[in-house]
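Work out the full structure, taking the sequences as your base and the hints as a guide.
There are 2 protein chains.
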Amino acid sequence: MAIGILRRMTSLKGKVLIAQGGGPTAVINQSMVGAALEARRFSQVEAVYGALHGVNGVIHENFVDLSRETSDHLERVAATPSSALLSTRDKPDAEYCARMFRVIKKHNIRFFFYIGGNDSSDTVRIVNEEAVKEGYDFCAIHIPKTVDNDLMENDHCPGFGSAAKFVIQAFTGLNLDARALPGVLIGIVMGRHAGFLTASASLARKYSDEGPQLVYVPERPFIPEKFIADVDAAYRQHGHVTVAVSEGIVDEKGVLIQTKLSESSERDPHGNVLLVGGALGDMLVATLKAKLKIKRIRADTFGFIQRSFIGVVSDRDASEAREAGEKAVHFAMHEGKSGSVAIRRPVLNYSVDYELVPLTSVAGKTRHMDDCYLNAEGNGVTEAFYDYCRPLLGSNLPEAHRLREMMIPKLK
Amino acid sequence: MAIGILRRMTSLKGKVLIAQGGGPTAVINQSMVGAALEARRFSQVEAVYGALHGVNGVIHENFVDLSRETSDHLERVAATPSSALLSTRDKPDAEYCARMFRVIKKHNIRFFFYIGGNDSSDTVRIVNEEAVKEGYDFCAIHIPKTVDNDLMENDHCPGFGSAAKFVIQAFTGLNLDARALPGVLIGIVMGRHAGFLTASASLARKYSDEGPQLVYVPERPFIPEKFIADVDAAYRQHGHVTVAVSEGIVDEKGVLIQTKLSESSERDPHGNVLLVGGALGDMLVATLKAKLKIKRIRADTFGFIQRSFIGVVSDRDASEAREAGEKAVHFAMHEGKSGSVAIRRPVLNYSVDYELVPLTSVAGKTRHMDDCYLNAEGNGVTEAFYDYCRPLLGSNLPEAHRLREMMIPKLK
Numbered sequence: 016m017a018i019g020i021l022r023r024m025t026s027l028k029g030k031v032l033i034a035q036g037g038g039p040t041a042v043i044n045q046s047m048v049g050a051a052l053e054a055r056r057f058s059q060v061e062a063v064y065g066a067l068h069g070v071n072g073v074i075h076e077n078f079v080d081l082s083r084e085t086s087d088h089l090e091r092v093a094a095t096p097s098s099a100l101l102s103t104r105d106k107p108d109a110e111y112c113a114r115m116f117r118v119i120k121k122h123n124i125r126f127f128f129y130i131g132g133n134d135s136s137d138t139v140r141i142v143n144e145e146a147v148k149e150g151y152d153f154c155a156i157h158i159p160k161t162v163d164n165d166l167m168e169n170d171h172c173p174g175f176g177s178a179a180k181f182v183i184q185a186f187t188g189l190n191l192d193a194r195a196l197p198g199v200l201i202g203i204v205m206g207r208h209a210g211f212l213t214a215s216a217s218l219a220r221k222y223s224d225e226g227p228q229l230v231y232v233p234e235r236p237f238i239p240e241k242f243i244a245d246v247d248a249a250y251r252q253h254g255h256v257t258v259a260v261s262e263g264i265v266d267e268k269g270v271l272i273q274t275k276l277s278e279s280s281e282r283d284p285h286g287n288v289l290l291v292g293g294a295l296g297d298m299l300v301a302t303l304k305a306k307l308k309i310k311r312i313r314a315d316t317f318g319f320i321q322r323s324f325i326g327v328v329s330d331r332d333a334s335e336a337r338e339a340g341e342k343a344v345h346f347a348m349h350e351g352k353s354g355s356v357a358i359r360r361p362v363l364n365y366s367v368d369y370e371l372v373p374l375t376s377v378a379g380k381t382r383h384m385d386d387c388y389l390n391a392e393g394n395g396v397t398e399a400f401y402d403y404c405r406p407l408l409g410s411n412l413p414e415a416h417r418l419r420e421m422m423i424p425k426l427k
Numbered sequence: 016m017a018i019g020i021l022r023r024m025t026s027l028k029g030k031v032l033i034a035q036g037g038g039p040t041a042v043i044n045q046s047m048v049g050a051a052l053e054a055r056r057f058s059q060v061e062a063v064y065g066a067l068h069g070v071n072g073v074i075h076e077n078f079v080d081l082s083r084e085t086s087d088h089l090e091r092v093a094a095t096p097s098s099a100l101l102s103t104r105d106k107p108d109a110e111y112c113a114r115m116f117r118v119i120k121k122h123n124i125r126f127f128f129y130i131g132g133n134d135s136s137d138t139v140r141i142v143n144e145e146a147v148k149e150g151y152d153f154c155a156i157h158i159p160k161t162v163d164n165d166l167m168e169n170d171h172c173p174g175f176g177s178a179a180k181f182v183i184q185a186f187t188g189l190n191l192d193a194r195a196l197p198g199v200l201i202g203i204v205m206g207r208h209a210g211f212l213t214a215s216a217s218l219a220r221k222y223s224d225e226g227p228q229l230v231y232v233p234e235r236p237f238i239p240e241k242f243i244a245d246v247d248a249a250y251r252q253h254g255h256v257t258v259a260v261s262e263g264i265v266d267e268k269g270v271l272i273q274t275k276l277s278e279s280s281e282r283d284p285h286g287n288v289l290l291v292g293g294a295l296g297d298m299l300v301a302t303l304k305a306k307l308k309i310k311r312i313r314a315d316t317f318g319f320i321q322r323s324f325i326g327v328v329s330d331r332d333a334s335e336a337r338e339a340g341e342k343a344v345h346f347a348m349h350e351g352k353s354g355s356v357a358i359r360r361p362v363l364n365y366s367v368d369y370e371l372v373p374l375t376s377v378a379g380k381t382r383h384m385d386d387c388y389l390n391a392e393g394n395g396v397t398e399a400f401y402d403y404c405r406p407l408l409g410s411n412l413p414e415a416h417r418l419r420e421m422m423i424p425k426l427k
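Protein chains in written order, with the working numbering: chain E, 16 to 427; chain C, 16 to 427.
To be clear, the hints were calculated from the coordinates, so they are not data collected in a lab. There could be a bad hint or two in this list.
Each pair may be met inside one copy or between any two copies, as identical chains are not told apart.
[To be verified] With a Cα cut of at most 20 Å, we get these calculated PhoX-like pairs of lysine-lysine:
1. LYS120 x LYS30
2. LYS30 x LYS352
3. LYS120 x LYS427
So, in structure tokens, the structure goes:
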């Protein structure tokens, strides 16, 4: 494949700087620790620094010495969710980059590893382009992470498997709850532009009457009348329904359903509308209650805990996040290349390879769910999605068990 | 102790009926399986039935044969959250009880075990009193469960420890998230009248700057101005704040903050206002945003997943739920008594005993947090609460680890 803009500079010597950007995941620290421990092995590395709060820590010269963290302690940090180096939503412009490079040069930082999503990969692209402009020998590598699973070039992203495991465990519970006290339970799941995480809820289905019977993702227009009819039909069939809805669902014109509700929409520096709070769920409940005679209709918005909850991790996701960090160091030290580490899956069930791809093919772009993963009706997933998602959950996914319910004959 | 209304009737022979009422917990099936397996050992037990959907399954004669479930399968069901026998919010009146007894007599059911909270214990009280009135030899035992931990006579209730573990793991994540991307994160926790579950969030604190720095429970009036000042002070001190708020917080007149928001308040058959949706959290965010210049202020409402999530269980809670079910059978078979199983803690750190107490001392009553568990300001818990709560979480509570952050000196 073409990796045109990558340059060889294996003679590079200097310091390593690692940082984390964007939202936390359960395994982002695996990538950080993977990169830090691996970087410590190379003789051309003078020291391994961590920048606090991502690129913001670079301009403010807030560096911690990762060379002096014990490996035992780093392993504990690796197993902790969220960004141990803290995070940022800053989006560098030319002036911001100039400030960064003054600091980077002063410390003789020659290797920069930035762990983040598509906004963060765009940050790496900008920083890398500034380095080229300034003629500064510098290797900048983006290490993927995102619970949304929406990075181009990647079969899947570190962080997704663990978040999916959380969502599946949550829906396993909602399924049990909705059957015990019959009704309709809606779970609002993260996913701004891509429905992967919401779709993963489907893997909570074990028994034929279980939900989520309905799944609504940003890749298909959300039509309230269809939604009401879908829920009505599923409730009539099963007597209990769970529904997985992406926070980022849009109408037929592509307008966010959530922004239709709120007068003022807060945005982050990357221009993304903030999708927070319980308003979308509450609105969907009201929509159903107005039309259906079902007593128990409720919505839970999973919120931040789905990306930061401690103790629910896909072991495969953790391994791959770790490997992505290590591989980034290999690409830098052995090949002297800048780029973005991408996870490939040569065999569906299941192995992975890591490749370095051009930053421009990932930066600021969004991957959406493949058409083959969504059903024709636009309210559920296909078997192909199950096959795609299942291996990412790792081992030991908790499983629900029902009584076999051998009925006692009624007496006269 | 006085257990006046309990009667001896050890010569009783007949069928056992087990049912579950109210909201699910992570370990309610441990109690069901504990009772079922233990009951199967007694010669005077003709068969062990389960009623589907609690007392509703009794009037409709919807019984399953628990004598014919394999013990292996029952163990798997025990480890599954929510009510395997399904649940109900029905509150029996005299006519409802009369219908129940027609069915109960027809099947020669002589032992009734009902697993539930204070509404369910009131159901057992009513059923038991009807049996006495009818002169039907019958043993009715309430087995405690509730994530709210608000049953009188109990040191703590099965279900609470696991829900507390979920809340602590959630707040451990929120703490990490709020520090990584600095701001104020509010978690709305279940707790209609009692603040135990919300207070348990405090055990997520590991580092001195970590939250929840603020905890608001129904036992203390919620004063918006004080809330704003508290958050402002905590944010100035730490730069990041997490706040635990009970869904059931009330103003100085005892009016639910949540009902002040919604025009029509839905109620369950027990007269409880339904506390659902994200409205309370969204309102608290708006309250803070109107007065404080903090950019990131968000609220997550944990919702139903905190009581039904699979895979987060306190092993101690599971053991005790199991024992409570077994002990209920012992009280019935060996002593022929009706009543409510209560968990005592003779030693703070830590052992438990089980006693049978009169149904009237538990039924329909609510236990609140002891004064000594809440701080003088009414916005946090004391060390005494930590000592109370810690043993209930069992083993293997996941722990967060931070980098030690050895700062690199800034260069000139």
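Against the structure, the hints come out as follows:
Proximity of LYS120 to LYS30 under the C-alpha cut-off of 20 Å is restricted to the intra-copy arrangement: shortest distance 10 Å within a copy versus 82 Å between copies. In this homomeric assembly, LYS30 and LYS352 come within 20 Å of each other (Cα to Cα) only inside a single copy, at 16 Å, whereas the closest approach across copies is 75 Å. With identical chains, the CA atoms of LYS120 and LYS427 are at most 20 Å apart between copies only, with a shortest distance of 12 Å across copies and 90 Å within one.
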